[in-house]
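Listed in order, the protein sequences are those of chains H and E.
Take the first sequence: its position 64, counting from 1, is numbered 64 in my numbering, and each next residue is one higher.
Take the second sequence: its position 21, counting from 1, is numbered 21 in my numbering, and each next residue is one higher.
Just so you know, not all the hints are guaranteed correct.
[Said to hold, decoys possible] Pairs of lysine-lysine, DSSO-like flavour, derived with a Cα cap of 27 Å:
id, chain 1, residue 1, chain 2, residue 2
1, H, Lys78, H, Lys135
2, H, Lys29, H, Lys197
3, E, Lys4, H, Lys118
4, H, Lys189, H, Lys235
5, H, Lys188, H, Lys29
6, H, Lys92, E, Lys123
7, H, Lys151, H, Lys92
8, H, Lys78, H, Lys92
9, H, Lys151, E, Lys350
10, H, Lys92, E, Lys350
11, H, Lys118, E, Lys350
12, E, Lys123, H, Lys78
13, E, Lys175, E, Lys158
14, H, Lys188, H, Lys235
15, H, Lys188, H, Lys92
16, H, Lys235, H, Lys29
[Said to hold, decoys possible] The calculated label-pair distances, taken between Cβ atoms and stated as ranges, are:
id, chain 1, residue 1, chain 2, residue 2, range
17, H, Glu58, E, Arg125, 28 to 34 Å
18, E, Ile142, H, Gln75, 39 to 45 Å
19, H, Glu190, E, Ala206, 34 to 40 Å
20, E, Leu122, H, Glu58, 24 to 30 Å
Source of the hints: derived by calculation from the structure; they are not laboratory data.
Each residue gets a CB set at the ideal place from its N, CA and C atoms; glycine is no exception.
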Amino acid sequence: MTFLLDLQRVSKSFGGIRALNNASLQVSKGSITGLIGPNGAGKTSFFNVLTGLYQADEGEFLFNGQAYNPHAVDQVLKAGIARTFQNIRLFKEMSVLENVMVGRHTRTSAGLMATIFKTAAQQLEEQQIRDEALKKLDYVGIEPFAHLQAKNLSYGAQRRLEIARALATDPLLLALDEPAAGMNQTEKKELQFLLEKIRRDGVTILMIEHDVRLVMGLCDDITVLDEGRVIATGKPDNVRHDPAVIEAYLGVAQHGD
Amino acid sequence: MMSKNQQLSILAVFACAVPWLALSIGGNYWVRVFDFALLYAFLALGLNIVVGFAGLLDLGYVAFYAVGAYCAGLLASPHLPHAFELIRGVFPTGLHTNYLFIVPIAGLLAACFGVLLGAPTLKLRGDYLAIVTLGFGEIIRIFLNNLDRPINLTNGPKGINGIDPMSVSGKSLGKAWHFVGMDIPSVVLYYYVFLLLVCLVILICARLQHSRIGRAWIAIREDEIAAKAMGINTRNLKLLAFAIGASFGGVAGALFASFQGFISPESFSLSESVVILAMVVLGGMGHIPGVIIGSLILAIFPEFLRATLVPVQHFLFGKILVDAEIIRQFIYGCVLILVIRFRPEGIWPKGKFA
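Using the sequences and the hints given, assemble the complete structure.
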């Protein structure tokens, strides 16, 4: 089994609170892996640590077979991990297209002088950025809105735009923080199709999600966090029947059924 | 509706005719007003890169203007040989450096200062950044005011006098040119130089805005964390914005020094920074045409009031009731408040009447 992402014994404290406590996470190449857990379990902290937004106190980080040091967000992205945010963070005043064009930043190189003198190479690159961005918008299905301001998109379309923007960075691993939050059933179904398509096209997905049905239906592997620790990991069916998980998380849902 | 090219050519013809109209109506004084309006447009466009594009609120922008002006002042006036024995030995009448060198040097020096200011403030945003930059602006002014001792670098509050005017192919812009039987006064010559440079700056700004770099700046303005997560090196790009904005300020400073022939720390007070920022905000932050309109209005409107308030009062009341200066400040303030109330995004923000 090859892991695209292999994190071992990651710890992170905020003052006296241990948000992550020796947590390990593996994501197999080509899989959709779910990271679930009750509120405050440390899922988003884990995301922030592995993308370099927060510095881990300790832990070993392997990505695509190589040790990586999640120190600077831009370096992590360059290595091939792109993310979205729990509370959508778009560039609101920019157009939908420009948002995705920003995603091409690390994969392009035109410098100050090339821009000021508008060299042939810069113009060509700019054209490529635009074409790539339009392609990504088409891919997630919001190309007709390319020239709207991002803030005027519907909620579901904003989520798609965030995914398109992340895909524009040519990631190997797409890390989605609650991509279905706030969506209705139809939108969730569409999102599921989109994520499956992304996986088919060779991008590995790691997602935090609260919707149990979506996670169970979509994910190949699941890691369950509770109070900063990994309490279970495995196939959806195994995780579903794990007593520790039922107690910590799913148990509550089952009482409600 | 006219095509874009037609609109542009009409605008160009108008821009070229302005100094002659002003000259025939109001004489040299009014041409100077337009010269300064262009200089302010230059400054506002530079500040717009920092504030409008990258979203870094800078209240000390005038410091870079001062750096550029003093750079030109030292390189093109007899001050250095007056103050330093050593330089007097080599250049007895002053350095009199050509402006072809001074302008880039002023721009580069100001860019260095921009990075110097930017580096310690990278983690600050909004109000906090404004306070630090405000302090920086004041520090530069106070330095200029006091650097006449122990060594006389800036001549202190007395300022630097006798700065060379610019020259084009050896002909000084300080005196009128005779051209096919016509006299072109110095202020009109400067107008055209400034106009040319403002056009150049507009071109640079527009190209930057619609580029990888400009998009990264705007992304940082919109959401710094998301920008980082998109692989943008926010540190370098913020420093770049500071450096480019500052270099425009520095170049404008050098132009100002050559145009005035005299500079003193008084010209670089906090209120200048505030006026330039007001131009950017009034016009429409981050929108190049808006910023130009904003700077032209705020540079010309007070002069218009200055010129009209006295005759209007004479006409209406037969005497002067209120000092013109007071009404001028009052109307100026009212206009700013009205704009804030009714057009909070500026007179001509991005995406309106496009």
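Agreement of H/Lys92 and E/Lys123 with the hint, judged by alpha carbon distance not exceeding 27 Å:
Holds. H/Lys92 to E/Lys123 sits at ~22 Å (cutoff 27 Å).
Regarding the pair H/Lys78 and H/Lys92, is the alpha-carbon distance no greater than 27 Å?
holds, 24 Å
Does H/Lys29 sit within 27 Å of H/Lys188, going by the straight-line distance between their CA atoms?
Measuring from Cα to Cα gives roughly 24 Å; hence the hint holds.
Pair hint H/Lys118 and E/Lys350, alpha-carbon separation not exceeding 27 Å
Given pair H/Lys118, E/Lys350 holds - Cα atoms ~23 Å apart, limit 27 Å.
Hint says 24 to 30 Å; check whether the CB-CB distance for E/Leu122 and H/Glu58 agrees.
holds, 27 Å
Quick one, are E/Lys175 and E/Lys158 close enough, alpha carbons at most 27 Å?
holds, 25 Å
When you check the alpha-carbon spacing of E/Lys123 and H/Lys78, does it fall within 27 Å?
Since the Cα atoms of E/Lys123 and H/Lys78 sit roughly 23 Å apart, the hinted pair holds (cutoff 27 Å).
For a C-alpha distance cap of 27 Å, please report whether H/Lys188 and H/Lys235 respect it.
holds, 21 Å
Are the Cα atoms of H/Lys151 and E/Lys350 separated by 27 Å or less?
The hint holds at about 15 Å.
Range agreement (Cβ of E/Ala206 with Cβ of H/Glu190, hint 34 to 40 Å):
This hint holds: roughly 39 Å between Cβ atoms.
Straight-line alpha-carbon gap H/Lys189 to H/Lys235, limit 27 Å
holds, 21 Å
Can you let me know if the beta-carbon spacing of E/Ile142 and H/Gln75 is within 39 to 45 Å?
With a Cβ separation near 41 Å, E/Ile142 and H/Gln75 satisfy 39 to 45 Å, so the hint holds.
Of the numbered hints given earlier, the model fails none.
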